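**Q** Please put together the full structure from these sequences, using the hints given.
Heads up, the sequence shown is in the numbering used here, so the first residue is 199 and it goes up one at a time.
Since the hints were derived computationally from the structure, they do not count as laboratory data.
Fair warning: this is a prediction, and the values are worked out from it, not measured in the lab.
We put the beta carbon where it would ideally sit given N, CA and C, even for glycine.
The reader is advised that the hints may include incorrect statements.
[Unchecked claim] Derived CB-CB ranges, DEER-like: (1) K229 / A277: 12 to 22 Å; (2) E328 / R275: 35 to 45 Å; (3) K279 / E342: 26 to 36 Å; (4) A346 / A264: 18 to 28 Å.
[Stated by the list, open to error] Dumping the calculated DSBU-like pairs for lysine-lysine here, alpha-carbon to alpha-carbon at most 35 Å: (5) K239 / K270; (6) K229 / K242; (7) K279 / K251; (8) K235 / K270; (9) K229 / K270; (10) K235 / K251; (11) K229 / K279; (12) K251 / K239; (13) K229 / K239; (14) K242 / K270; (15) K251 / K270; (16) K279 / K235; (17) K229 / K251; (18) K279 / K239; (19) K242 / K279.
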Amino acid sequence: MARAKGGNAPARQISVEGLDDFRRDLNRYAKDLGGGKALGKVNKEIAEFYSGKADDIGRGLGGVHAHVVRQKSIRARGAQKRSEIVLGGQGQKHGPAMGAEFGSNTYAQFPAHRGSGSGAGYMLYPAIRENADEGAEMYWDAVEDLAARAFPNKR
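**A** In structure tokens, the structure reads:
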């Protein structure tokens, strides 16, 4: 099983067959679009979609969740090979973001821990679960658009 960087929490990951070949072809044949960096932009847009949904949920919950949103502690990143959403404020390891997302049975400022199953999380994980179909459709539409621009004669 994949693991999140620097921790024991399982990384949530979707592998797309053929995406590495597509990225290599972009780097080789679509330099005018920025090569594989164009795919990185698509990946960042998807991460921004989900982090925006998590921010909306956090504002609605109020308290420590709204504080995490105000601190911009749910940040989107994109690279050629992946989308990432990072929990934690600028210059701090995690701050209150991890407690706000996963809860705690030890620290009273956070809601109760929900476990690691299908109901885990308070902001980001519910945003991903609730918007998975829309996010997947957005991703495929963006990849198809990128492919059409990069390889206009390949239909």
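**Q** Are K229 and K270 close enough, with their CA atoms no more than 35 Å apart?
**A** holds (33 Å)
**Q** Can you confirm whether the C-alpha distance between K235 and K251 stays at or below 35 Å?
**A** Holds - the C-alpha atoms of K251 and K235 are around 25 Å apart, at most 35 Å.
**Q** Taking 35 Å as the top limit, are the C-alpha atoms of K279 and K235 close enough?
**A** holds (10 Å)
**Q** Hey, K239 versus K270, does the alpha-carbon distance stay inside 35 Å?
**A** It holds: about 20 Å lies between the C-alpha atoms, which stays within 35 Å.
**Q** Given a hinted range of 18 to 28 Å, is it respected by the beta-carbon distance of A346 and A264?
**A** violated (41 Å)
**Q** Hey, K242 versus K270, does the alpha-carbon distance stay inside 35 Å?
**A** holds (16 Å)
**Q** Would the pair K229 and K279 pass a check requiring their Cα atoms to be no farther apart than 35 Å?
**A** Status holds; Cα separation ~17 Å.
**Q** Would the hint linking K235 and K270 be met if the CA-CA limit is 35 Å?
**A** Distance ~25 Å between K235 and K270 Cα, so the pair holds.
**Q** Is it true that E328 and R275 lie within 35 to 45 Å of each other by Cβ?
**A** violated (21 Å)
**Q** Take the C-alpha atoms of K229 and K251, compute the straight-line distance between them, and say whether it is at most 35 Å.
**A** holds (33 Å)
**Q** Within 35 Å, alpha carbon to alpha carbon, are K279 and K251?
**A** The hint holds at about 22 Å.
**Q** Is it true that the C-beta distance of K279 to E342 lies inside 26 to 36 Å, as the hint says?
**A** Check failed, 19 Å falls outside 26 to 36 Å.
When the structure is compared with the earlier hints, violations turn up for hints 2, 3, 4 and for no others.
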